[in-house]
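**Q** So the sequence lines, in the order shown, correspond to chains A and B. First residue of the first sequence? That's 350 in the working numbering, and the numbers climb one at a time after it. First residue of the second sequence? That's 350 in the working numbering, and the numbers climb one at a time after it.
Calculated from the structure, these hints are not laboratory results. Among the hints, erroneous ones may be present.
Intra- or inter-copy, both count: the list cannot distinguish identical chains.
[As the list claims (entries may be wrong)] With a Cα cut of at most 30 angstroms, we get these calculated DSS-like pairs of lysine-lysine:
(1) K492 <-> K610
(2) K610 <-> K352
(3) K691 <-> K352
(4) K662 <-> K393
(5) K662 <-> K691
(6) K393 <-> K492
(7) K641 <-> K610
Note that the coordinates shown come from a computational prediction; the quantities given were computed from them, not determined experimentally.
There are 2 protein chains.
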Amino acid sequence: MAKLVILTEGMTNPSDGKLACAVLRYRTDEVVALIDSTIADGQKTCGDVLNGLGGDIPIYANLDGVEGDTFVIGIAPAGGKLPESWRPVLTEAIRRGMTVLNGLHVFFNDDPELSELAQQSGAEIHDVRCPPDDLTVSENIAKDTPCFRVHTVGEDCNVGKMSAALELDAGLQNAGKVSRFIATGQTGIVVCGKGLPIDRVISDFVAGATERLILEDQDAEFLLVEGQGSLIHPLYSGVTLGLLHGCAPQAMVFCYDANRKFLRHCPDFPIPPLEELIQLYETSASYICPSKVVGICANTSQMTAEEAEREIKTTEDRLQRPVNDPYRYGVQNIVEAIIQAKAQG
Amino acid sequence: MAKLVILTEGMTNPSDGKLACAVLRYRTDEVVALIDSTIADGQKTCGDVLNGLGGDIPIYANLDGVEGDTFVIGIAPAGGKLPESWRPVLTEAIRRGMTVLNGLHVFFNDDPELSELAQQSGAEIHDVRCPPDDLTVSENIAKDTPCFRVHTVGEDCNVGKMSAALELDAGLQNAGKVSRFIATGQTGIVVCGKGLPIDRVISDFVAGATERLILEDQDAEFLLVEGQGSLIHPLYSGVTLGLLHGCAPQAMVFCYDANRKFLRHCPDFPIPPLEELIQLYETSASYICPSKVVGICANTSQMTAEEAEREIKTTEDRLQRPVNDPYRYGVQNIVEAIIQAKAQG
Numbered sequence: 350m351a352k353l354v355i356l357t358e359g360m361t362n363p364s365d366g367k368l369a370c371a372v373l374r375y376r377t378d379e380v381v382a383l384i385d386s387t388i389a390d391g392q393k394t395c396g397d398v399l400n401g402l403g404g405d406i407p408i409y410a411n412l413d414g415v416e417g418d419t420f421v422i423g424i425a426p427a428g429g430k431l432p433e434s435w436r437p438v439l440t441e442a443i444r445r446g447m448t449v450l451n452g453l454h455v456f457f458n459d460d461p462e463l464s465e466l467a468q469q470s471g472a473e474i475h476d477v478r479c480p481p482d483d484l485t486v487s488e489n490i491a492k493d494t495p496c497f498r499v500h501t502v503g504e505d506c507n508v509g510k511m512s513a514a515l516e517l518d519a520g521l522q523n524a525g526k527v528s529r530f531i532a533t534g535q536t537g538i539v540v541c542g543k544g545l546p547i548d549r550v551i552s553d554f555v556a557g558a559t560e561r562l563i564l565e566d567q568d569a570e571f572l573l574v575e576g577q578g579s580l581i582h583p584l585y586s587g588v589t590l591g592l593l594h595g596c597a598p599q600a601m602v603f604c605y606d607a608n609r610k611f612l613r614h615c616p617d618f619p620i621p622p623l624e625e626l627i628q629l630y631e632t633s634a635s636y637i638c639p640s641k642v643v644g645i646c647a648n649t650s651q652m653t654a655e656e657a658e659r660e661i662k663t664t665e666d667r668l669q670r671p672v673n674d675p676y677r678y679g680v681q682n683i684v685e686a687i688i689q690a691k692a693q694g
Numbered sequence: 350m351a352k353l354v355i356l357t358e359g360m361t362n363p364s365d366g367k368l369a370c371a372v373l374r375y376r377t378d379e380v381v382a383l384i385d386s387t388i389a390d391g392q393k394t395c396g397d398v399l400n401g402l403g404g405d406i407p408i409y410a411n412l413d414g415v416e417g418d419t420f421v422i423g424i425a426p427a428g429g430k431l432p433e434s435w436r437p438v439l440t441e442a443i444r445r446g447m448t449v450l451n452g453l454h455v456f457f458n459d460d461p462e463l464s465e466l467a468q469q470s471g472a473e474i475h476d477v478r479c480p481p482d483d484l485t486v487s488e489n490i491a492k493d494t495p496c497f498r499v500h501t502v503g504e505d506c507n508v509g510k511m512s513a514a515l516e517l518d519a520g521l522q523n524a525g526k527v528s529r530f531i532a533t534g535q536t537g538i539v540v541c542g543k544g545l546p547i548d549r550v551i552s553d554f555v556a557g558a559t560e561r562l563i564l565e566d567q568d569a570e571f572l573l574v575e576g577q578g579s580l581i582h583p584l585y586s587g588v589t590l591g592l593l594h595g596c597a598p599q600a601m602v603f604c605y606d607a608n609r610k611f612l613r614h615c616p617d618f619p620i621p622p623l624e625e626l627i628q629l630y631e632t633s634a635s636y637i638c639p640s641k642v643v644g645i646c647a648n649t650s651q652m653t654a655e656e657a658e659r660e661i662k663t664t665e666d667r668l669q670r671p672v673n674d675p676y677r678y679g680v681q682n683i684v685e686a687i688i689q690a691k692a693q694g
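One chain only, chain A, in its complex shape:
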């Protein structure tokens, strides 16, 4: 058990603090405090400002009196750079010898001041977006491994593919299966402690890096591979297809945001019908390994309970597959569909 302190300075909200929220949700018992000097008043807790997430975990203005061993950068400022206002608390954490988990585009190990401080204090800095330098092209052998590979794919970025994979992994474990979550992005890596930042590897090595992740976890019966981007996203589609082909899934779970009408970062790009997108994923995947979308995760966070229930029911009727919102109603029906898909080979 680590003792995590999460920096969310000035951005303690679900949108800017995606990584912080994921850590609060999936490593709850390890989090000892949030740091945000703009809201810390000695009283407010995480739960107060994050819709209950993190419960009584306190929010402090700085590290004074905080006992933690790991300092997590929980937010992603625009541009991915390190705001100078963060430097004092960050250098303090490094001086204390805390392990630093950094998911920003900018690597702290490349910062002369930070890396020198770390050397002096013995602090370890993990720039989780920095890929190892021994990656290679794929050998196209993930498809031949005996585990059942489930890949969460989606209509767009930021619709819940990581959450879906984590919840399905937990659901399979609850059902007594040996299952593993495979992280392919910085948040997933910080949550589960391993993985590769697929969007940062050399493009020729995307499938090879994914294949490596698959080969490393062959003691599991089920692998839940976190998806990235979308096959139709003008900015990131290449990452999505390389990842899809690299993990060669036998089954996919399709994720969408029930309120989204246009692609993220592309306000003039209407999202095509889900049927069409599901067909595109099944066609693209099947060139490597026969694969079907066996369940759908709907993100209904912007809906009332009544709207959400109607959305799930309607989508289930329309797409003829089990549908659920993982955070609202769990994923039991999709877990069952996955187990059934594996049984049917």
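Using the hints, position chain B against chain A.
**A** Frame of chain A; chain B shown alone:
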């Protein structure tokens, strides 16, 4: 006009010397010699060993008496590393102050001996596979540029997508059009002197790097963007899709090898019917910009003239699009189809 000396040591053949052959074909007048000590006998010419390619250009064992200003690594040894046996002639070239064009995976600027020698002599080393470090994600604006973007795509790697783009570019220029070849791989970059090695950029930046190439050449009426890999290739598909979406073509030319039955590097992967692949490219491309395959380039180099003619005729009837083998019969019919596609908007 540069004076090019091409190293093809021990590999003076079209398969290992793909880059050498491309330079001999497209920069013929600039090449002063090939270096291959394993076949140089004071008599043999390029034409003698490369089916006429390069004509009377001499082959020497080393640089003695050779007057050149640019030293081109023309071959790609297995693993992409620098064979130690090449070091003497390479260091000699650098000592003379020759510009070095290196398309290998290994970067000469990272080699202490070579970079120090270059510093002493003033030689410039261009590691053409080394991408610039200021690339970013795409802004999805290539689709809005006024030029007519033609992308050569294919069933597989190494079927002639670069050659097709170069020949179509030349054909359009012969037809009086302002056209430009856009290089996306090391061979194309050495041939035309600019471009980006798309398969070596960070995967998140593939579409962005391609977009940059499109934006840089907006003084042309036609852009011929060299394709990479294939949408169905398990090793490289991510690069292919990122490139396709980054250049947002209004038209595509589909390339195939008439004798190929299985994917390169994947001997158990039969190539699907061309109709299906063409459909896949048109569907995938059209999420960004409406696009059709307007012509087909058939690589018939392993066929007799009679077989080639039959292949072209049959494919034309079957796919209802103009078909040609660029090296055998030119691309006039496809150039006309491109001009017509642009006229029809």
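**Q** Hint by hint, say whether it matches the structure.
**A** Hint-by-hint comparison with the structure:
no.: 1; hint: K492 <-> K610; in the structure: between (34 angstroms within a copy, 21 angstroms between copies)
no.: 2; hint: K610 <-> K352; in the structure: neither (40 angstroms within a copy, 57 angstroms between copies)
no.: 3; hint: K691 <-> K352; in the structure: neither (38 angstroms within a copy, 62 angstroms between copies)
no.: 4; hint: K662 <-> K393; in the structure: neither (38 angstroms within a copy, 76 angstroms between copies)
no.: 5; hint: K662 <-> K691; in the structure: within (25 angstroms within a copy, 47 angstroms between copies)
no.: 6; hint: K393 <-> K492; in the structure: neither (50 angstroms within a copy, 48 angstroms between copies)
no.: 7; hint: K641 <-> K610; in the structure: both (24 angstroms within a copy, 27 angstroms between copies)
The structure does not agree with the numbered hints 2, 3, 4, 6 stated previously, though it agrees with the rest.
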